[in-house]
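S.K.: Given chain R, work out where chains G and V should sit, using these hints.
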Amino acid sequence: MNFWQYLVKRLLHSVPVFIGISLVVFSLIHLIPGDPAIAVLGEQATDEEVNALREEWHLNDPLWQQFGIWLLNIVQGDLGRSLHTNQPVSEIIASRLPATAILSGIAIVVSLMIAIPIGIISALKRNSWIDHVARVVAMLGVSIPNFWLGIVFIIIFAVHLGWLPPGGYHFSKGFWAGMEGMILPAVALGAAYAAITTRMMRSSMLEVLRQEYIETARAKGLTEPRVIRLHAVKNAIIPTITVIGMQIGYLLSGAVLTETIFFMPGVGRELITALSKRDFPIIQGLILFFATVFVVTSIIVDLSYAFFNPKIEYS
Amino acid sequence: MATPDLADPLVAEDSQPRRSQFRLFVDAFIANRLAVVGLVLVLIAVFAGVTADWIAPQDPNAQNLSRRLEPPSADYLLGTDQYGRDLLSRILHGTQVSLAVGFFSIVIASGFGVLFGGIAGYLGGIIDDIVMRIMDVFLAFPALILAIGILAVLGPSVGNVITVIAVVSIPQIARVTRSAVLTQKEEEYVQAARVIGLPVHVRLFKHVLLNCLAPITVQATLLVAWAILTETALSFLGLGVRPPTPTWGTILFEGKDYILLNIWWMSLFPGIAIMLTMLGLNFLGDGLRDALDPKVRTD
Amino acid sequence: MKRREFLKTTGVTAAALFAGDVLFSRVVTAQDKKILQVAVSSDAWNLDVRKGTDVTGLNICKQLYNGLMNYDPDGNMFADLAEAAPEQPDDVTYIFKLRKGVQFHGGYGEMTAEDVVYSFDTIRGVGDQKGTFLSLWLRPLDKAEAIDSHTVKFTMKSPYGDFLDACTLCKIVSKNASEERGKDFTRQPIGTGPFEFVEWVKDDHITLKRFDDYFTEGVPSLDGVYVQIIPDDTVKVTNLITGQVDMIKEIPPRNLAQLKQTPGIVVGQRTGTQCEQLYFNCAVEPFNDVNARRAVSYAIDRESIAEKVFFGMAQPAKAMLTEEQMPLKKFSDDMVNVNYDPEKAKGFLKASSMPDGFEFTCMTTGQGWFVEQLTVMQANLAEVGITMHIEPMEKSVMFGKMREGDYTAVYEDLNAAYFGYGAATPALFYTPPERWLNWKDDAGYAADELLQKFVTTLDVNEGQVIFNQFLDIVLDQLPYTQVVFVDSTDAWKDSVTDYKTSLPNDSMWWNTKLG
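Residue numbers (the numbering used here), protein chains in the order written: chain R, 185 to 499; chain G, 253 to 551; chain V, 4 to 518.
Since the hints were made in silico from the structure, they are not lab data. If you're wondering where the values come from, they're calculated on a predicted model, not measured in any experiment. Every residue gets a Cβ at the ideal spot worked out from N, C-alpha and C, and that includes glycine. One thing to keep in mind: the hints can contain errors.
What the hints assert, rightly or not - Computed list of lysine-lysine pairs in DSS-like fashion (alpha-carbon distance at most 30 Å, straight line):
#, chain 1, residue 1, chain 2, residue 2
1, R, 357, V, 212
2, G, 437, R, 193
3, V, 37, R, 357
4, V, 443, V, 404
5, R, 357, V, 36
Stated by the list, open to error - Over 10 Å on every C-beta distance to chain R, these chain G residues come out as not near it, computed from the model:
#, residue
6, 276
7, 278
8, 295
9, 306
10, 319
11, 340
12, 412
13, 434
14, 436
15, 438
So here's chain R without its partners, still in its complex pose (with noise of 0.2 Å):
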């Protein structure tokens, strides 16, 4: 089976994947308590308005009808209007999506910049001291609630050292202070992923070096750190990256969190509104369009694991 027939294949296999997810998510929202209609009137409403918007937005239909109208609609990429706004759930997605991306995007920069070094040299000198104290900060990492980290810092280095704004989304008043107001939560976020992406890179770098081809490099007298950096990095690394694609539903559920505390226009913090609020299409579309990423991302990341090593099996 070559690259290409292996691409196919993958890509039919989602299709169940994603009739199952869009399944799920449906029955999901329209188990959950609460009358939309009175979410958006407000209790003061009489019974006769909250009839007639019942009625309006289909929630009286027979639930196989309101899939079937939904299911059809997402295929053309509609996912709907928000109850309360009237507005359409893929605009307000986009326009959620550049703080999450970026967040996100960051948190990945940061994670790696921090892991990749520690990773390697933890690596190198397994069971050292050094090896030791960085398994337990990575560890640390993963350990602590990243909310929690979150909120720490903002205290820290917003309110009592006035260093950083305590995030919010700053673009509007030019590309520095974006930046800037995405320091915290971009470290807040990054710290966990960092951890994970130090242990990958770490057990990555074991692997390498117990390889044969190593030795190899070694017994053709190339020096130890023109090994490492030749061989043994540059192998380690490429299974790293594409592996902690695989995570990004971690970085997902983080941004949730992250974005509430660091007041982020995010998709994260969207669907916490969303679901105080009983927005059921805003709820649909986002927990699709999450399971969405997570799922196009999973591909990805094996379609690049297979391109980058070609010895791979295609099965």
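M.R.: Then chains G and V, alone, in the frame of chain R:
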């Protein structure tokens, strides 16, 4: 681990090398200092949780409004919260609830996960396809986001948090179980059992699953850590356990609004409790994995 | 070098994403413009002032629209779109002369009598058209007519003491814009106010800009207002302290003292009209027993809640209104005083059908201070032998259950700002026996009758007597019990001047300046 049934010739035959395997494992585990530290931390947390009813100095829900928001002192070792409740007592009882959430949710998840993964891996074919496609669907959601969605349906309570975390963890266990079963299936002793015609379920549970326990235990240990963190996150978002039940998540949630007022003890102490327990579980999980992995062990 | 190409492409894509975002972002906040940045806790429900809305919507609508009459922050009524207070040839007729040359935003032309009649008619619903929530306040209105382009005549079915008050609530919208935009008017409002609407990004911000053709010279002073929605208390306060915003609405009580001590921050605080109350379902156990309601009401330590949960930012409540609320001027001296008295509470419990105590579940909304208050009450009630379970849930779920009568008790607030300053209005809304409280016994109907009589009584002294009779019944029967009145609060940087915290906590940024 279950005692090997000596009447079973296959297991008896296998028990000798396994015992030495076990010794190798213990030796490797003890040699890993971080793993031992992890084990100790987890044992301390479990002890605190189990004995909370006896060692907590006060009723965790008893209010004393005239002594609220007090910093740590001789009367209140870790200070008091906004209702004048003793923080130490709340954290100890919170340990109980948080550990219970983590432990029971993963026990439930392991039960179902092992069942699904075991069936899929052992039987293979169309059943494997169906079961794993369903698991794939659930794995396609970021776990916390799926948990938030389900919890919104069920409403907040301890039981529901356990249910939700269990549901989103099942696919992880199932996947690990399935691949472990697939590996074991090819082992000689299973093939041998098949040859002498032992019934399918006996083969499955006695031989395959027993030998898959190691990877499943490692995964489950790490998942317990994840489950506890998820509980704090859900409580933090106001979707988790209901007040006044103390959990690490609810204490942290109540404490966060007071950090700005320099009332640090409400956030710091539960934060430390979470951190140490997480560290313990993660070190333990890693240690178990390394000690159980012959490749790393012989290194 | 396929790999290199791949990495290069990735890099370019990432760079494009960054650049793209910078290009797409709003280019509103130029440095030299005076834009007031305000943080509020929740997003607006809608901006169509006729539909009735939440506190944030109210804040925004105050800037976007004018009424025939209006209230200043101190609760003084003034003629707004009317040239002066209306002529009243008899008890049921009001004739307003409209201000001339008032322009609507967005080029929708001059405001005329036609727009006024249209606004009132769409609120109350004429013909086959449905009215809005505010129609409750226009029930006694028989007809609204345009006499000429700048004169409007209102005729009541019966004398209605609160009509001018209703005129402050029922603001004037552009007929053309409303008909043209239909449902979208909610998101694209057109009024005559000192600020016009620019943008509303759901759950993030609402932007307003100065309306250059406003009818009063020099108003507003600001170039615009940028309202950010920040639900988290700590984040909101941090943003003020670190200077990200100029003003926050509704100070979290625990941060009050801190903000008062923070240099450069001004705190505005005044006794408010937001009442926190416990609603009983009078039709189901245990609260179909009046003594159970009394036991709970007397067991609540209101002083302690005002002092501890609100850090002094609230006053213990005696009734559903404060004495300051117009037109009621004074509680009668012999009015029943529902205060903290555990012994009395135990007595009522003994006299009830459940002398050994009982359990009940109280619903409330998850956010804010509700749970904190209930947690204190939970301990209060436990002392007299009553067990209360707290069930926080989403507002819509809670109101849905209340609507269906599927509840035992509910803890919620009621802000007079939603209903105007009229004494009768909040009471009118919540006490009709068929609604919410299920207070369907003789006392309930008697109280309702007194209210109806109060509404149609124009004489203040006579009204006072009737209202006191109403209060006597309510405070004896306690279909709901008031706990505290929360102060209206704002905090702002000292560079903000000419701003005053308003009584019902709606904001008036008409004359506010930014230094």
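S.K.: Please go over all the hints and tell whether each is borne out by the structure.
M.R.: Hint check results:
1. 357/R - 212/V: Distance ~18 Å between residue 357/R and residue 212/V Cα, so the pair holds.
2. 437/G - 193/R: holds, 26 Å
3. 37/V - 357/R: Judged against 30 Å, a Cα distance of about 15 Å means the pair holds.
4. 443/V - 404/V: Given that 30 Å is the threshold and the Cα spacing comes to 18 Å, the pair holds.
5. 357/R - 36/V: Between residue 357/R and residue 36/V the Cα gap is close to 13 Å, so the pair holds against 30 Å.
6. 276: holds, 18 Å
7. 278: For residue 278/G, whose nearest Cβ neighbour in chain R is about 19 Å away, the distance exceeds 10 Å, so it holds.
8. 295: holds, 17 Å
9. 306: Nearest chain R Cβ is 28 Å from residue 306/G, so the label holds.
10. 319: At about 25 Å from chain R, residue 319/G clears the 10 Å cut-off, so the statement holds.
11. 340: holds, 19 Å
12. 412: Residue 412/G clear of chain R: closest Cβ-Cβ about 12 Å, beyond 10 Å.
13. 434: holds, 13 Å
14. 436: The assertion about residue 436/G holds, with a minimum of 20 Å to chain R.
15. 438: Holds, because the least Cβ-Cβ distance between residue 438/G and chain R comes to about 16 Å, which exceeds 10 Å.
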